[in-house]
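Student: Now for the letters of each chain:
Number of protein chains: 2
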Amino acid sequence: MDKIIRVNLSEGTITTEPVPEKYRALGGRSLTGKIILDEVDPGCEPLGLRNKLVFAPGLLGGSFLSSSSRLSVGGKSPLTGGIKEANAGGTAAGALSKLGIKALIIEGESPLDYFQYLYVDQEKIELRPAEMAGQGVYSAAKLLFERYGDKASLILIGPGGERGYRAAGITNTDVQGRPSRFLGRGGLGAVMGVKGLKAIVIDPTGAEAIDYHDRKAFQELNKEMVKLLKENPVTGGVYPKYGTAAMATRTNAIHALPTRNFSAGSFECANRIDGEYLHYIITSRGGAGDTTHACMPGCVIKCSNIYPDAEGKELVAPLEYETIGLMGSNLSIGNLDDIARLNYLCNDLGLDTIEMGATIGVAMDQGLLTFGDADGAAALLGEVAEDTLLGKVLGQGALITGKVLGSRRIPVAKGQSMPAYDPRGVKGLGVTYATSPMGADHTAGNTIRAEVDHTDPAPQPALSRRAQPLAMIADFMGLCLFVMPALGAHLDKLGQICEQYCGLKISGDELLAAAEKALQVEREFNRRAGLSPAQDRLPEFMMDEPLPVSGSVFDVSLDELRKINEE
Amino acid sequence: MDKIIRVNLSEGTITTEPVPEKYRALGGRSLTGKIILDEVDPGCEPLGLRNKLVFAPGLLGGSFLSSSSRLSVGGKSPLTGGIKEANAGGTAAGALSKLGIKALIIEGESPLDYFQYLYVDQEKIELRPAEMAGQGVYSAAKLLFERYGDKASLILIGPGGERGYRAAGITNTDVQGRPSRFLGRGGLGAVMGVKGLKAIVIDPTGAEAIDYHDRKAFQELNKEMVKLLKENPVTGGVYPKYGTAAMATRTNAIHALPTRNFSAGSFECANRIDGEYLHYIITSRGGAGDTTHACMPGCVIKCSNIYPDAEGKELVAPLEYETIGLMGSNLSIGNLDDIARLNYLCNDLGLDTIEMGATIGVAMDQGLLTFGDADGAAALLGEVAEDTLLGKVLGQGALITGKVLGSRRIPVAKGQSMPAYDPRGVKGLGVTYATSPMGADHTAGNTIRAEVDHTDPAPQPALSRRAQPLAMIADFMGLCLFVMPALGAHLDKLGQICEQYCGLKISGDELLAAAEKALQVEREFNRRAGLSPAQDRLPEFMMDEPLPVSGSVFDVSLDELRKINEE
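Order-wise, the sequence lines are chains A and B. Numbering-wise (the numbering used here), the first sequence opens with residue 13 and increments by one. Numbering-wise (the numbering used here), the second sequence opens with residue 13 and increments by one.
Source of the hints: derived by calculation from the structure; they are not laboratory data. Predicted, not measured: the structure shown is a model, and the values here were computed from it. Check the hints yourself; a few may be wrong.
Remember, identical chains collapse to one label, so a pair may be satisfied in a single copy or spanning two.
[Claimed, not checked] No farther apart than 25 Å at their CA atoms in a straight line, the calculated lysine to any residue pairs in the SDA-like style are these:
| hint | residue 1 | residue 2 |
| --- | --- | --- |
| 1 | LYS15 | LEU233 |
| 2 | LYS575 | GLU51 |
| 3 | LYS239 | GLY403 |
| 4 | LYS529 | ARG159 |
| 5 | LYS575 | ALA546 |
| 6 | LYS15 | PHE494 |
| 7 | LYS575 | ARG539 |
| 8 | LYS404 | ALA391 |
| 9 | LYS575 | ARG540 |
| 10 | LYS575 | ARG62 |
| 11 | LYS253 | GLY500 |
| 12 | LYS575 | CYS56 |
| 13 | LYS228 | GLU463 |
| 14 | LYS575 | GLU57 |
| 15 | LYS242 | LYS314 |
| 16 | LYS575 | ASP321 |
| 17 | LYS325 | ALA462 |
| 18 | LYS517 | LEU233 |
| 19 | LYS253 | ARG539 |
With the rest of the complex left out, here is chain A (with noise of 0.2 Å):
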């Protein structure tokens, strides 16, 4: 990966540069937050001309390590008005990696006033007009597909992106060409749309294999990883069997599944959209249905899914366990079914579905539908595929919905939508919503496997600090995750897989300290944007509001979550 692509649209001008020194030993996300804070001004409009948008696989990416090609995407996020990268498996990163694109750099914004797509092959490099712009992610696919065939990768926006609604995500295709594997958090999907580009096809075709620093290495080492992978219970088997969705048990039973917008934390149907549940439903109607299904090429994990409705036929793939929590339990929806069907919608609006879920659970909070209302839920949905007025608020996600509608119950933080964990019931990811520089956001530091009392308030701070590097890492280097509970305690192997793939020399020593160098640079961008640690907090409905199982709140004070950041 020895070259970068910009793309600026306000000129049409795409030219290619030579990856510089100070970028070689950066990927993913690290590479996409220092490129925004070298070039972003860090008190721009996000939806404005001066926000640019960048696209990297991780240090890995293209390599046949399992888990390894997830694509990143950083921005400055219309959400938290700070920096933003967001990650999904599937197909692009290994195909921009294939074609020795490090990153994509989309900057300025179309003048013109139809959408344009990017067309990115081994020869040539182009902005084309979208003759598929307004149409929903699935049809503007397919169309895609027909014309570059299915070697082609396909990075694309729903209109839901194209209309600047901040609850826009940006969608990539899998193996199968569905284009659902979405980087759905910050809303930069509607940076993507204001910039007027519907799409990025990246075809691979004719690219030279990749030249592995010592490919005969890697093939030893990545045997290891894959035995360590299979053999560990959760990668090797809860995750391919029950997928994300193992999760709804563990969260409901310690109440911090999110039901009826925050407000109860364990759900009277959570044995109807948990994991074994939704492994009963698929293996028993068959069809289309698979429940162990990779969503990038190699994946030895599979913990995603294709859910088939009552027919066999395909309804959405994958159903994951942030849906389930945010458009199920928090809507009090206990029907697969009916979530699977939301999911659909929201993703063909190129819509994130956690955004979604806590915005029409505050909608419904509100009294604007009752909880359990699928058929509303939808209709809502529908209101902002058409683009009402209704539809308009709710597309500006839960914080803006909450506020015209004045809920003082909006599960944000830094303006961005929770995910399935209520920070009540799993007080390590709260502080991580309240600290980490993406907002709320639960692949930012994941605290739910540490053996402690989750309510406990005294060990969170530092579980949260420790784990917020360690996603860092596996989002530099475009691993999924997943691999962490088998490989997390293997950094050195880590560091000598990369060397042996790249010929970045790096010990699991060094990888902590490029992530924390990382995070560094992620706070220095939020700092320059006037984030500050006063805004590390949690909504107060969840410091002054009991549980009412548990009877917990979210108790970390506010000196101990300011500490994070002021370190």
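With chain A's structure known, arrange chain B on it following the hints.
Tutor: Showing chain B alone in chain A's frame:
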């Protein structure tokens, strides 16, 4: 003024406290600011339990010096997220002063399911059920005056504040009992609303006469002050005759009159909404009309007016320049009757006309309505009155309305709408909008009277920097800013008269030092609240989009702006 009244609405308790030594030399804005810094969690939710509202007369409150009894209210603003003080003339500050009340602190929030009002007289202070909740300010005031007689002063909010609309202000009554002297900015009406407080009734009947430190010397110096005010061409000539509307001629000439959502800078119908035309209409219609009206007892400037309809019946009082600019030219409405009608509707709902004018301007710009459609604008206010979804959006002010409608042209600084000076035409005021702890606020340091080229960026930071503490002096003394053209050059005399009134020995230089210190208090609160110099800037469209006639953009550099609060 020897006591502080503390009303805790959570507990339903009212306590009377002596004035701590550290607050003795403070008043109005400097006192509300210091109490808020001392008592309010800076990271709190402005519309939550932890915010407080502090009412305070200035140091000269209750004295018979002209224009010296403005009422300040402070709190954390739901628009800016920072500290806010708003002030107005009227009678409430005088009434509080007569009762010896230096500050009235409203804290907590009522657990009751009905609104209350606070009754204050010489003998008792009580919370009483507000059966006039839900009523507009005009009918609510009428009911309270019927009950308590016309010696009472009222502070109250409208339905906008009750519903927590961020565009809501707080009003108080003038000499004739009109509830139209608005402490309009910052959304502090919403803070009062969420606390469950509809009104404050202050009856000073029976209070002992205020004990002047040296009444005789005060009387002497007052004569001199009156002479200065009457001889000054602005305070003795322009203001009494034309009122603030005189400003329209000037801003139109220098391309600073907000026109069609801040897109033009001058308005083809300016001569139908300026001071001379207003004067002509009022005098030719006669009846209740009055061009020279005092908003508080003893004011010799009398810049206020009573605007009559064609039959001579009072339509609204006052009709001020800021309303004319924001609800007139900014909406392309060139008819004073239309503007007066919109003004009355806003007043009755308890909404800030600046915020609502800017909001409707954004809505028109986004195609919700045609520019110039006065009936349409009134219909939008009807939506607000009826609390429809559109009304709920508009009631949140220009920033949220603009975000929902996808606007890229939102004229706000720190979330608060700009008053009637386009900062591309008066760049010094643009510096104030960007850098004042108050957000976009023309009363926080207006540079329009400086004899410079207002489009030359070079001198503006220094001009704004000098104007900000002068505004603070007026605001902590309780003085109307309009005395400053005549008295601003006589700070020593202002210090003397202060000593003669309340015994506080203070020189002109010490007044300036006290103002700087009060500004530092505000900055410190904002720093702790997470606002930083990174937010000290104006919207990008004002940096990028030249006004068509003048070609001017807001080009004071970000570095220059940042320096002001980094000092």
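Student: Decide, hint by hint, whether the structure agrees.
Tutor: Status of the hints after comparison with the structure:
no., hint, result
1, LYS15 to LEU233, "neither (28 Å within a copy, 77 Å between copies)"
2, LYS575 to GLU51, "between (28 Å within a copy, 21 Å between copies)"
3, LYS239 to GLY403, "neither (48 Å within a copy, 61 Å between copies)"
4, LYS529 to ARG159, "neither (43 Å within a copy, 67 Å between copies)"
5, LYS575 to ALA546, "both (10 Å within a copy, 22 Å between copies)"
6, LYS15 to PHE494, "neither (29 Å within a copy, 62 Å between copies)"
7, LYS575 to ARG539, "both (15 Å within a copy, 16 Å between copies)"
8, LYS404 to ALA391, "both (14 Å within a copy, 21 Å between copies)"
9, LYS575 to ARG540, "both (18 Å within a copy, 14 Å between copies)"
10, LYS575 to ARG62, "between (32 Å within a copy, 22 Å between copies)"
11, LYS253 to GLY500, "within (21 Å within a copy, 78 Å between copies)"
12, LYS575 to CYS56, "between (27 Å within a copy, 18 Å between copies)"
13, LYS228 to GLU463, "neither (38 Å within a copy, 78 Å between copies)"
14, LYS575 to GLU57, "between (28 Å within a copy, 20 Å between copies)"
15, LYS242 to LYS314, "within (11 Å within a copy, 84 Å between copies)"
16, LYS575 to ASP321, "neither (49 Å within a copy, 61 Å between copies)"
17, LYS325 to ALA462, "neither (39 Å within a copy, 74 Å between copies)"
18, LYS517 to LEU233, "within (15 Å within a copy, 81 Å between copies)"
19, LYS253 to ARG539, "neither (43 Å within a copy, 50 Å between copies)"
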